[in-house]
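2 protein chains.
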Amino acid sequence: MTTVELPGLDVAERIDRLRALFGSGEAGEAPGAGIDAHFVTRLVNIRYLTGFTGSAALLLVGPDEVLFVTDGRYKDQSADQLAAAGVEARIEISGTEQKRIVHDAAQATGYGRVGLEAHGVTWSQQRGFATEWFPSAELVPTEGLIEGLRRVKDAGEVARIRAACGIADTAFANVAGRLADRPTELEFGLELEFEMRRLGASGMSFEPIVAAGPNGAKPHARPSDRRIERGELLVLDFGCIVDGYCSDMTRTVSVGDPGPEARRMYDVVLESQKAGRDAVRQGVEASAVDKACRDVIAEAGWADAFLHGTGHGVGLEIHEDPRVSATGRGTLAAGYVVTVEPGVYLTGIGGVRIEDTLVVTPDGSDILTASPKDLVL
Amino acid sequence: MTTVELPGLDVAERIDRLRALFGSGEAGEAPGAGIDAHFVTRLVNIRYLTGFTGSAALLLVGPDEVLFVTDGRYKDQSADQLAAAGVEARIEISGTEQKRIVHDAAQATGYGRVGLEAHGVTWSQQRGFATEWFPSAELVPTEGLIEGLRRVKDAGEVARIRAACGIADTAFANVAGRLADRPTELEFGLELEFEMRRLGASGMSFEPIVAAGPNGAKPHARPSDRRIERGELLVLDFGCIVDGYCSDMTRTVSVGDPGPEARRMYDVVLESQKAGRDAVRQGVEASAVDKACRDVIAEAGWADAFLHGTGHGVGLEIHEDPRVSATGRGTLAAGYVVTVEPGVYLTGIGGVRIEDTLVVTPDGSDILTASPKDLVL
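So the protein sequences, as listed, match chains E and B. Heads up: the first sequence is residues 1 to 377, going by my numbering. Heads up: the second sequence is residues 1 to 377, going by my numbering.
A couple of the hints might just be wrong.
Same chains, same label: a pair holds when it works inside one copy or across any pair of copies.
Said to hold, decoys possible - Cross-link-like lysine-lysine pairs, in silico, DSBU-like; alpha carbons within 35 Å at most:
#1 K291 to K99
#2 K274 to K373
#3 K75 to K218
#4 K218 to K274
#5 K373 to K75
#6 K373 to K291
#7 K99 to K218
#8 K218 to K373
#9 K291 to K75
#10 K99 to K75
#11 K274 to K75
#12 K218 to K291
#13 K274 to K291
Hint data in this document are derived by calculation from the structure and do not stem from the laboratory.
Let's have the full structure, built from the sequences with the hints guiding it.
Structure follows, in structure tokens:
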């Protein structure tokens with residue numbers, strides 16, 4: 001196992017950053033969600049706001065108070081993790097009385113409008129919350145409020161993503177030699193996964209994509225029993241998780257020379273990916289990064305063969321805000337962690353995709369994925 | 001990899017079984033959900049109803065027609081899989097026009113009341129469906145309608161669960177010897193997982209539980225860096241997936257004699273688990289199976305140390321209907337696949353849980369998990 005010393009996370013001020021988005025825009029308040037409190041149910045957002053890593057919790061954030069509810073399994077862990085993070089909250093432990101605890105807290109404080117993550121609760125849950133948990137409040141659907149805060153990563157978060165990228169790099173270097181033995185896609189995907197786990201990853205960011213020959217023409221191909229042959233393009237898209245944070249990287253390789261058309265595809269995508277990386281910096285439109293990649297591929301005559309957006313944010317989830325695509329709105333800020341992953345996909349022939357994960361800086365970016373970009377192994 | 005010949009699934013008649021639940025109870029109709037059509041968004045339910053195994057699809061089931069919508073990645077696969085399953089549906093392929101396609105179909109057929117899985121869509125999705133996809137219909141929340149159908153497994157489903165149980169059995173037999181080397185819980189969990197994957201499992205039913213010594217007192221402990229020592233109780237709860245279907249089994253073992261108290265715990269749980277298994281048959285109340293287990297443990301003075309329900313259904317999901325617990329309603333029917341997994345958990349000391357997966361028969365049950373139940377390895 002790789003042991004990496006990870007710096008702390010700046011958790012304590014996150015709840016105040018969320019509260020700053022509550023405002024109604026009236027009476028001098030900043031314009032915002034127009035809520036008095038936010039009921040948070042998405043575990044990944046509770047982790048972000050409190051440092052709690054367990055599998056069950058609820059969080060009610062009011063203007064001055066915070067209620068954290070979990071069950072008996074997490075009595076000690078929740079107290080320890082919230083204290084370590086510097087989060088002040090009333091912690092309630094209950095397996096069966098959670099509804100009553102939240103209900104009573106909301107009644108006592110008299111919240112009129114309570115935010116609820118519309119993308120994070122089921123319709124069934126929302127119906128129960130509205131009628132039984134918050135009968136005196138109006139539940140206000142919020143979309144991406146906390147996810148918006150999560151876009152800018154602090155140093156501790158970047159260190160975790162960097163550690164996950166490092167494990168993926170090392171794992172790839174350790175197992176690449178086995179491609180000479182003509183493994184199946186499934187077999188090689190397992191090798192890659194097992195190696196990342198042996199190196200200390202707690203899990204995969206997603207099931208590795210191992211797509212050889214014609215299979216590479218499908219951007220989201222799943223590993224099959226097909227053997228990886230010499231002279232074929234092989235798309236490898238994989239990442240792992242360290243202390244909750246994801247990595248993401250794609251390399252396209254070939255055991256032996258894949259021929260002139262494949263080499264040309266590769267050179268175009270490599271140039272496109274470099275153009276995208278070079279475009280990344282604080283203040284640039286996300287769509288401009290996409291355009292930088294897309295222009296190179298269009299120039300080569302393959303505009304229609306670049307089948308997806310250029311990239312996405314990476315953090316506690318493998319796909320986060322912002323989207324880096326033609327329709328992605330907004331500009332990149334320092335501390336955003338995004339992928340740049342253009343590709344060309346030719347049906348019946350194969351695909352090339354090259355992807356790095358980068359952290360945006362005032363002047364450009366730092367690349368967190370370090371595996372070499374040589375086509376021929 | 002293990003290669004098992006799996007019999008076919010009886011997919012074709014499932015949509016009619018769903019339609020039989022539509023009725024309003026008026027004008028001679030069977031009482032049911034009171035809907036004209038059902039819009040299905042849970043992928044696992046779409047798989048169940050159509051045989052489609054891809055990662056994106058929508059299904060609109062009307063009284064006489066079926067609309068299946070997916071994107072370009074699954075053009076061939078959806079046509080092949082629905083045809084192979086004998087499902088007649090209009091298949092539409094679109095990445096960007098799915099809303100319009102579903103909207104137009106609903107408008108054309110004039111559905112007044114459309115079922116929507118309240119537990120399977122987010123509040124955000126429901127709001128969009130109500131206003132933009134089905135503006136002329138009333139969306140009716142359904143809970144567990146299709147999941148209810150899924151309780152009775154056909155022969156092909158049982159064969160898949162049996163194959164997954166068989167892989168788990170073989171993997172356990174293959175790696176148990178390594179416990180003598182004092183691996184950590186994490187290391188042994190990885191060995192177990194890798195072995196199941198090598199034997200052909202497509203994935204884990206859930207992250208294996210490997211809980212040694214005092215860690216075993218937590219029913220849902222996560223594997224840690226703690227070494228597994230001689231003479232300790234070790235709880236192993238694991239399962240894998242074959243062609244979409246899950247297995248689930250728990251064994252408690254010790255390398256060397258764990259001492260008299262641990263042996264007594266084990267004997268009581270073993271007797272409890274046998275009592276539970278013996279209680280399983282068509283027509284018995286689920287709660288009676290729970291009581292059969294619980295009575296043995298209570299008799300031994302550990303009523304408060306059995307911290308969870310006795311079991312649950314297993315199939316396309318690891319936790320399905322029915323619940324086998326004190327509050328579980330309804331009776332078991334032939335073809336249900338359920339776990340029986342009583343346990344005793346003593347804080348600071350450790351835990352014992354023993355679990356099999358069984359298929360209910362008219363006269364009793366068939367046990368699908370076959371690993372021996374010897375405490376001392």
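Each hint tested on the structure:
Only between protomers do K291 and K99 lie at most 35 Å apart by alpha-carbon distance; the minimum there is 27 Å, versus 49 Å within a single protomer. Taking the shortest alpha-carbon separations for K274 and K373, only the intra-copy value of 11 Å comes in at or below 35 Å, while the best inter-copy value is 59 Å. Only between protomers do K75 and K218 lie at most 35 Å apart by alpha-carbon distance; the minimum there is 12 Å, versus 46 Å within a single protomer. In this assembly of identical chains, K218 and K274 lie within 35 Å of each other by CA distance solely inside one copy; the values are 22 Å within and 50 Å between copies.
Only between protomers do K373 and K75 lie at most 35 Å apart by alpha-carbon distance; the minimum there is 33 Å, versus 48 Å within a single protomer. Proximity of K373 to K291 under the C-alpha cut-off of 35 Å is restricted to the intra-copy arrangement: shortest distance 22 Å within a copy versus 62 Å between copies. Taking the closest pair of Cα atoms, K99 and K218 come within 35 Å of each other only across two copies (24 Å); inside a single copy the shortest separation is 46 Å, beyond that limit. Proximity of K218 and K373 under a CA criterion of 35 Å is satisfied intra-copy only: 21 Å inside one chain copy versus 46 Å between copies.
Taking the shortest alpha-carbon separations for K291 and K75, only the inter-copy value of 29 Å comes in at or below 35 Å, while the best intra-copy value is 50 Å. In this assembly of identical chains, the alpha carbons of K99 and K75 lie at most 35 Å apart only when taken from the same copy (18 Å versus 45 Å across copies). Proximity of K274 to K75 under the C-alpha cut-off of 35 Å is restricted to the inter-copy arrangement: shortest distance 33 Å between copies versus 49 Å within a copy. In this assembly of identical chains, K218 and K291 lie within 35 Å of each other by CA distance solely inside one copy; the values are 22 Å within and 52 Å between copies.
In this assembly of identical chains, the alpha carbons of K274 and K291 lie at most 35 Å apart only when taken from the same copy (12 Å versus 65 Å across copies).
When held up to the earlier numbered hints, the structure conflicts with none and fits them all.
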